[in-house]
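Undergrad: Single-letter residue listing:
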Amino acid sequence: MIKLTGIHKHYHSHSALSGIDLNFPEDQTTVLIGPSGCGKSTLLRLMAGLETADGGELLINGSPLTQSNLTALRLRMGYVIQEGGLFPHLSIRDNVCIMANHLGWDKDKTEHRLIELAEMAHMPKSKLNHYPLELSGGQRQRVSLMRALMLDPDLLLLDEPLGALDPMIRYDLQQELKEIFASLNKTVIMVTHDIAEAAYFGDTIVLMRAGQIVQTGSLSQLLQSPSDPFVLKFVNAQREPMQLLTASFSQ
Amino acid sequence: MNLKFLNTVILIVACAFASNTLAQVTETEEITVASKKFTESVILGEILSQLIRTKGHHVIHKKELGGTRVLWDALIAGEIDTYVEYTGTLEQELFAGQDVHTDELLNHALAKLDLQKTAPLGFNNTYAIGVNSELGKRLGLESISDLKNHPELIFGFGSEFMNRADGWPGLKQRYQLPQQNVRGLDHDLAYRGLASNSLHVMDLYTTDAEIAYYQIKVLKDDLNYFPEYQAIIVYRSDLKQRAANVVKSLHLLSGTINADRMLTMNARVKLARESESVVAADYLDNTLNVKSTFVSQSLWQQFVVYSYEHLVLVMLSLSAAILLAIPLGIIAAHRPKAGHVILGVTAIIQTIPSLALFVFMIPLLGIGGPPAIIALFLYSLLPIVRNTHAGLSNIAVEIQESATVIGLSNFARLRLIELPLSMPSILAGIKTSAVINIGTATLAALIGAGGYGQPILTGIRLDDTELILLGAVPAAVLALLVQALFETIERLLLPKGLRSLSAAKD
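Respectively, the protein sequence lines represent chains R and F.
Note that my numbering gives residue 209 to position 209 of the first sequence, counting from 1, and the numbers run on in steps of one.
If you want my numbering, it's the position in the second sequence, counting the first as 1, plus 1000.
Honestly, the hints are just simulated from the structure, not real lab data.
Every value quoted in this text rests on a predicted model; they were computed, and no experiment measured them.
Errors might be hidden in some of the hints.
[Said to hold, decoys possible] Computed footprint of chain R on chain F, listed as stretches where at least three residues anywhere in the stretch have a Cβ under 8 Å from a Cβ of chain R: (1) 1126-1140; (2) 1405-1415; (3) 1486-1498.
No residue lacks a Cβ here, since even glycine has one placed at the ideal position from N, Cα and C.
Kindly produce the complete structure, drawing on both the sequences and the hints.
TA: Right, here's the structure in full:
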């Protein structure tokens, strides 16, 4: 689906990505993970066409991403960011349907798709005429997901979609999202910094550090045969405090 | 492309005015008379107007134009046909550096500009220097030379006198005057300054009615510094072909107005508060036995005319500014390099003093409505450009990126997302522009564009507070109304989602 070869990206003298080779297989969920500043978001933004690489090749379905095919490709991808990026002056309905209306979809078709997505995302119909600011953070992310899925894209890009939510809501939404992804059969690329979330969603986890890929594989591969001491250090940094706490209670 | 657009705007505005003027020409010859913004000039302008009107022509009297240069340029450009000028002004200022000291040389210099003049009307309205009579008595001031011994005196001169070669600079040199505290101010305001003792010495015109009224002591010009200022009528040479009978009657006025007559007429207007039209008609009746008619408008009719003129100035210039400034602001927000140029140029325009900008327009567009509209249009650009730019630039990055990444085209993004979100900022810019525009438009009367500035000018000239308020109050009310109008538009247009945003903030 997406193939990256030798991708480089600099901001002034700082190197954000240095030599990324990656293959995102079709219909699978790949999670990009790593500490802040490791380049995981930059990588996602490159694939969305929000940034351009300084070197290397980015192929989507075999053809390079250029200014001329960018708009067409964007109609085949959905994009969700941390704060949702909803348009505050448009109702939920208009936010979700903006592209369908812009492309001149038939009204019934648009409405049908909207209701379908609302049901899938557990978004009450009564809320469709509300405005983003009248919704809770979790509801806003559901709307953002609905908007991303409206045109039934092949590719779904998610940049820390649950990052701004409080833990309980986050937990609920994680489960729902997983079900949705499972039902969709889409190529999903998600950025997170949470290893549990990565393991929960990802068929493949890509662990990054300082603009480079440290290891690619499932969580068990990462744990059983770490390519670098950093892999275990990163995974355990999030797992150990909880395990220690649990252990201290059971004693 | 922007320049082309501007040209189109100028063309449309100019056409609107041209067609307006053309429509009036068809019946008879249209003759435009002008006057400077002091009472004597307005009375003389009214005499010329009424006299020409009795010859069956359509006459427009452009009253109270701001400064000799404005009238002179307009006369040369054919914007006006005739007005009363003074020989001293021609020699010292308009033909400065040329030898025109004999009648023959002056006629020759005028002919080169396709202009002609009549013989003197009969009075010499030269400059004089006056002091508050009480102060004059106390200090024993009789002649201008006596001022040398009193360096502490405060001088206040009209801005023309202040700067022209035959005014203050020459006077100071000839009499070796030591005074340092010299202010430039409006001639009519100087009388009040003298009366209230905040000024001690001012320039006068010898036929000013106020000399007697304010009991001003006129100092003797003991070194014969001031030149002759004989009143003459200057007119365009083509008037002979266009309306021979007009030229004939203008020459009939020569030698008919002596200094006493002029002083009396000035006093009737300035002190007895009679209208210039009545005084002019009486003069024509008594001296030339010409019965003239004039339409005297009630205060209310005048108010309607001023309002109409002011509204036209504001609406045309402001709507043209909105049409150009919003696209400029959009370009500025999307192309940072072009943005620097656009914001820079519009800011520079804003720093040009408004009166100067009006006068700059005269060589390009003449006097009256079009130059005033273009000047006001230029003034209205900056607030709208700047607020459009700010509104677009302040949209949160995640919203801008979301709009891009869902696949909206640039134009659709602008229309559906960016402009609605920056609307409050754009409207605030338009509101600021409108208020500036309405205020600045009162100065447009100085170049003959009328509006609420006209009664303000006349009111200052005649020391008539009521008349000043007739211009100032409606201008202020108009500014408030326009502000309220845009606030209503904002309420109606503000997207509901943003309204709940402001509600949430409360």
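Undergrad: Now tell me if each hint is right for this structure.
TA: Here is how each hint holds up against the structure:
1. 1126-1140: violated (count 0)
2. 1405-1415: holds (count 6)
3. 1486-1498: Check passed, 4 qualifying residues.
This entry does not satisfy hint 1, going by the numbered hints stated previously; all others are met.
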